[in-house]
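Kindly produce the complete structure, drawing on both the sequences and the hints.
Chains as they are written, first to last, in the numbering used here: chain A, 35 to 225; chain B, 35 to 225; chain C, 35 to 225; chain D, 35 to 225.
You may find that some hints are simply not true.
When chains are identical, the list treats them as one kind, so a pair holds in a single copy or across two.
[Said to hold, decoys possible] Here are the simulated EDC-like pairs of lysine to aspartate or glutamate, each with C-alpha atoms no more than 16 Å apart in a straight line:
id: 1; residue 1: LYS93; residue 2: GLU165
id: 2; residue 1: LYS83; residue 2: GLU160
id: 3; residue 1: LYS122; residue 2: GLU222
id: 4; residue 1: LYS184; residue 2: GLU222
id: 5; residue 1: LYS161; residue 2: ASP207
id: 6; residue 1: LYS93; residue 2: GLU209
id: 7; residue 1: LYS181; residue 2: GLU65
id: 8; residue 1: LYS152; residue 2: ASP207
id: 9; residue 1: LYS223; residue 2: GLU45
id: 10; residue 1: LYS161; residue 2: GLU99
id: 11; residue 1: LYS181; residue 2: GLU45
id: 12; residue 1: LYS140; residue 2: GLU65
id: 13; residue 1: LYS91; residue 2: GLU209
id: 14; residue 1: LYS161; residue 2: GLU65
No lab work stands behind these hints: they were computed from the structure.
One letter stands for each residue in the lines below.
Protein chains: 4
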Amino acid sequence: MSPRTTKQLEEIRASKRALIMNTALKLFAVEGYYITSISKIASAANISKGLLYNYFKSKEDLLSEIFHLGMDEIFKDFDPNQDGVLTKEELMFFIDKTFQKLNKNKDFWKLYFILIMKPSVFKIYEKRFMELVAPLFQTLENYYSAKGLKNPNAEARLLGATLDGVGMHYILDPENFPIEIVKQIIIEKHI
Amino acid sequence: MSPRTTKQLEEIRASKRALIMNTALKLFAVEGYYITSISKIASAANISKGLLYNYFKSKEDLLSEIFHLGMDEIFKDFDPNQDGVLTKEELMFFIDKTFQKLNKNKDFWKLYFILIMKPSVFKIYEKRFMELVAPLFQTLENYYSAKGLKNPNAEARLLGATLDGVGMHYILDPENFPIEIVKQIIIEKHI
Amino acid sequence: MSPRTTKQLEEIRASKRALIMNTALKLFAVEGYYITSISKIASAANISKGLLYNYFKSKEDLLSEIFHLGMDEIFKDFDPNQDGVLTKEELMFFIDKTFQKLNKNKDFWKLYFILIMKPSVFKIYEKRFMELVAPLFQTLENYYSAKGLKNPNAEARLLGATLDGVGMHYILDPENFPIEIVKQIIIEKHI
Amino acid sequence: MSPRTTKQLEEIRASKRALIMNTALKLFAVEGYYITSISKIASAANISKGLLYNYFKSKEDLLSEIFHLGMDEIFKDFDPNQDGVLTKEELMFFIDKTFQKLNKNKDFWKLYFILIMKPSVFKIYEKRFMELVAPLFQTLENYYSAKGLKNPNAEARLLGATLDGVGMHYILDPENFPIEIVKQIIIEKHI
DNA sequence: CATGAATGAGCTTTCATTCAT
DNA sequence: GATGAATGAAAGCTCATTCAT
Numbered sequence: 035m036s037p038r039t040t041k042q043l044e045e046i047r048a049s050k051r052a053l054i055m056n057t058a059l060k061l062f063a064v065e066g067y068y069i070t071s072i073s074k075i076a077s078a079a080n081i082s083k084g085l086l087y088n089y090f091k092s093k094e095d096l097l098s099e100i101f102h103l104g105m106d107e108i109f110k111d112f113d114p115n116q117d118g119v120l121t122k123e124e125l126m127f128f129i130d131k132t133f134q135k136l137n138k139n140k141d142f143w144k145l146y147f148i149l150i151m152k153p154s155v156f157k158i159y160e161k162r163f164m165e166l167v168a169p170l171f172q173t174l175e176n177y178y179s180a181k182g183l184k185n186p187n188a189e190a191r192l193l194g195a196t197l198d199g200v201g202m203h204y205i206l207d208p209e210n211f212p213i214e215i216v217k218q219i220i221i222e223k224h225i
Numbered sequence: 035m036s037p038r039t040t041k042q043l044e045e046i047r048a049s050k051r052a053l054i055m056n057t058a059l060k061l062f063a064v065e066g067y068y069i070t071s072i073s074k075i076a077s078a079a080n081i082s083k084g085l086l087y088n089y090f091k092s093k094e095d096l097l098s099e100i101f102h103l104g105m106d107e108i109f110k111d112f113d114p115n116q117d118g119v120l121t122k123e124e125l126m127f128f129i130d131k132t133f134q135k136l137n138k139n140k141d142f143w144k145l146y147f148i149l150i151m152k153p154s155v156f157k158i159y160e161k162r163f164m165e166l167v168a169p170l171f172q173t174l175e176n177y178y179s180a181k182g183l184k185n186p187n188a189e190a191r192l193l194g195a196t197l198d199g200v201g202m203h204y205i206l207d208p209e210n211f212p213i214e215i216v217k218q219i220i221i222e223k224h225i
Numbered sequence: 035m036s037p038r039t040t041k042q043l044e045e046i047r048a049s050k051r052a053l054i055m056n057t058a059l060k061l062f063a064v065e066g067y068y069i070t071s072i073s074k075i076a077s078a079a080n081i082s083k084g085l086l087y088n089y090f091k092s093k094e095d096l097l098s099e100i101f102h103l104g105m106d107e108i109f110k111d112f113d114p115n116q117d118g119v120l121t122k123e124e125l126m127f128f129i130d131k132t133f134q135k136l137n138k139n140k141d142f143w144k145l146y147f148i149l150i151m152k153p154s155v156f157k158i159y160e161k162r163f164m165e166l167v168a169p170l171f172q173t174l175e176n177y178y179s180a181k182g183l184k185n186p187n188a189e190a191r192l193l194g195a196t197l198d199g200v201g202m203h204y205i206l207d208p209e210n211f212p213i214e215i216v217k218q219i220i221i222e223k224h225i
Numbered sequence: 035m036s037p038r039t040t041k042q043l044e045e046i047r048a049s050k051r052a053l054i055m056n057t058a059l060k061l062f063a064v065e066g067y068y069i070t071s072i073s074k075i076a077s078a079a080n081i082s083k084g085l086l087y088n089y090f091k092s093k094e095d096l097l098s099e100i101f102h103l104g105m106d107e108i109f110k111d112f113d114p115n116q117d118g119v120l121t122k123e124e125l126m127f128f129i130d131k132t133f134q135k136l137n138k139n140k141d142f143w144k145l146y147f148i149l150i151m152k153p154s155v156f157k158i159y160e161k162r163f164m165e166l167v168a169p170l171f172q173t174l175e176n177y178y179s180a181k182g183l184k185n186p187n188a189e190a191r192l193l194g195a196t197l198d199g200v201g202m203h204y205i206l207d208p209e210n211f212p213i214e215i216v217k218q219i220i221i222e223k224h225i
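And the structure:
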C-alpha cells in the first residue's frame, strides 16, 4: 500500500549493486572485459539489461567502480600506523599479508593484471593507483635506507615488481606454482 | 612487362606480410587489441582491408601470428648450446640479454603482457609457450641445483617471475623505473 | 488525522495535474518532445515516474492533454458573441489579442508550431483543430465578403497564414523581430 | 579481376549517397525525424544499415547533409545579379519562383518547417541559414526603402513571415489552400 | 595481387511503462 | 495517493568479414 521505506530501498540498492559488481568482476576476470557483454552480465546476475543501467552509467563506469572498490579494499590495511617506519617483523607481516590477499581475491587480481596493462584504461586509474601505492613504496624505501642499503629506491621498486611478477605467475598457474617456498625465498632475499 | 618471377612474388608477399604484422603489433600494443579495427590496421599499413585477408584469415589469426613470431624471435637465442648447463657467467649474460631485449622490443613485450593475462587467449598460446619456456626453467633449476640451493625449482620460478614483474613495471613507466640498478641487484640476489 | 474529504482530494489531483502539464509543456517546448523523457518531467516536477502515470496514461496522452487544453484556452475568447459578424474594430481587436496571446504563452506556441508540422501527430489533432478554427475562418471570410472583396476566402486564408508566419518568426527570434510595427502593417494591409 | 576504377567508384558512391538522402528526406518529411529509424531508411533504400554508416557518420549527420544540400539548392537562384537592387518585376518574379519551388519540393519544405522549429536542431543550422537569408532580407529592405515606405525593415520581415506562413498552410493542406489566388493577393499587397 | 562497397550480427544504451510495496 | 526498482523492446552504431570487380 505505502511505498517502501528509505531504508528498505537502500538495502535493495546496496545488495543489488554488490550482486552486479561481483558478477561482473568474475566475468571480466574469467573472460575478459571486451568479451563480456552487458547482456551476459545481466543474465548471469538474473536481472535485465535495463536495470544494470539503473545502477551504473555505462559499462566503463561499472568496470571503474569494481576496480576502485577492489583497490581500496586491497590496499586499506597496508596502512597500519602510518608512521612510515617499518620493522623487520612488519615487513614480513606485509609480505605474508600480500600473499594471503592474493589467494583470497584471485578474481580481482586477475582483473587487476589485465587492466593494469590496458593502455587506454590505465590512464584512468593511474592517479588513484599512484596515490595508493606511492606511500607504500616510500615506506619500503625508508626501510631499506635504515638498513643501510646503497640503493633503497631500487630495492623497493624491485620488491614491488617481484611481488607483482609472482602474483602474475601464481594466478596463471596456481596449481603448479610453489607459492609457499617462493614466499620464504623472497623473505630471505629482500628482508 | 614480363611476368614477375615466382621469387619476386614471394618477396613481395613476405615483405607485405611483415609490414602488416609490424603495423598491427604497434597498434595492438598502443591502443589495445579490441580497440584496433581491421580498418585502422589496413589504412595505417596503406593497404586495403581485402588485401589483409589475403594474408591472414582472421583478426585473431593475425594476432596469433604476431605473437608466435615474436615469441620465437625472443626466445631463439636463449638456447645457446642446449647442454642444459649454465655457468655463473652465462646466467649473468642471460639476465643482461633479457633486459636488452626488453628495451629493443617494448611494443612486443607490452602485447605479451596484455595477452598473457587474457584468459581466452592464453589457452591458445599456452602449449607453445610452455614448450619454449620449459627448457629454460629446467636449465635454471639445474643451475641452482648445482649451486647447492635447497629449492632449485622455486628459485628458478622466482627468478622468472621477478623478470616478468620487472618487465611489467618497466614497460608501464620506462622513464622512472631504475632499470640498470635493479638489474644489478637482481644479479646480486639471484646468482 | 481525519481522512481528506473528497473535495480536498480533488483539489490535490487538479493542482498536481496542472503542475505536471506545465512542467512538461515547458520541457517539450524548450527541449523537444522526443528528447524530453518521462523521468526528466517527473524529476522536474518533483514527483515519481509512477505518479505521472496515475494522471496520464501515456507520454502521448500527456502531450495530447497539454495541446488540447492549450488550444481551448487560446481560442476560447476568439468567439465573443458567435454572431459571425465582425466589425472593423472587432477585427483590429482580434489581431491585437492574437499578438498579446503570442507574447503571454510563448512556450505553448512553440509547442504548437512544432506539433502542427508533425505529420503523425497532426492527424490526431486535426479534427479538434478544425472545429476550433473553422468558425474563425468563416467569420473572417464574412468580413471580407461584406467589405466587397473579390476573394474573401483567400483573403481569410492569407490572414491566417500571415499570423502563423509572423508567430513563427517572432518566436524564433523574439529580440530582433519588429513585432509592433509588423502588427501595424498587418492591420493596414488586411483590414 | 582488376579493382574498379576511381571513376566507377565515384559514380557508385555519388548515386548511392543520393539514393540514401532522397529516401531519408521522404521518410523524415512524412513520418518525422525521430520516428524514422535508421533501419527503416536502410530497408526503404534497399541497403544494409551498415552501408548507410559508410556514407554518413551518424543519423544527425545524414539529416544535416540533407538539410544543407536542400537549403543550398533552394536558395541558389535567389541570387541573380547580386547588385542588391530589386525592380518591381524582379520582386514579382521572386515571389513566383518561391511558390514554384514550394510546389516542386514539398518534401524538403515539410522537413524545413519541422526542423526550423526544433529547438536543439535549429542552433546547428542557424548560422548557415542566416548567411543565406540575410542578403535576401537586405535586398527586400532596399526595395521597400526605395519605394519610400516608412518601415522597410518591418515590411521585409513581414513578407518573409507571410511567405513562410503561406508555405506552412499550403503544405499542411495542399488540396484546399487557394494558393494561386493567395499569391495574387500577396503581390497586390506587398509590391 | 588488389580494391572497397556491402553485409549483418551483435554491441551499448535509452526509455516508456508496469507493479509490488 | 505515491514510490522507484524492474522490465524489455528497440534504438543508433561498429566492425570483422565477404566478394564482385
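Hint by hint, here is what the structure shows:
1. LYS93 / GLU165: Classified as neither: same-chain Cα gap 24 Å, cross-chain 38 Å, threshold 16 Å.
2. LYS83 / GLU160: neither (30 Å within a copy, 35 Å between copies)
3. LYS122 / GLU222: within (11 Å within a copy, 21 Å between copies)
4. LYS184 / GLU222: Classified as between: cross-chain Cα gap 13 Å, same-chain 18 Å, threshold 16 Å.
5. LYS161 / ASP207: This pair counts as between: shortest inter-copy Cα distance 13 Å, intra-copy 30 Å.
6. LYS93 / GLU209: Answer is neither: 32 Å inside a copy and 32 Å across each miss the 16 Å cutoff.
7. LYS181 / GLU65: neither (44 Å within a copy, 42 Å between copies)
8. LYS152 / ASP207: For LYS152 and ASP207, only the inter-copy Cα distance (13 Å) is at most 16 Å; the intra-copy one is 21 Å.
9. LYS223 / GLU45: Classified as neither: same-chain Cα gap 48 Å, cross-chain 52 Å, threshold 16 Å.
10. LYS161 / GLU99: within (15 Å within a copy, 35 Å between copies)
11. LYS181 / GLU45: neither (49 Å within a copy, 60 Å between copies)
12. LYS140 / GLU65: Within one copy, since 14 Å is at most 16 Å while 26 Å is not.
13. LYS91 / GLU209: Classified as neither: same-chain Cα gap 38 Å, cross-chain 35 Å, threshold 16 Å.
14. LYS161 / GLU65: Neither way: LYS161 and GLU65 sit 26 Å apart in one copy and 19 Å across, limit 16 Å.
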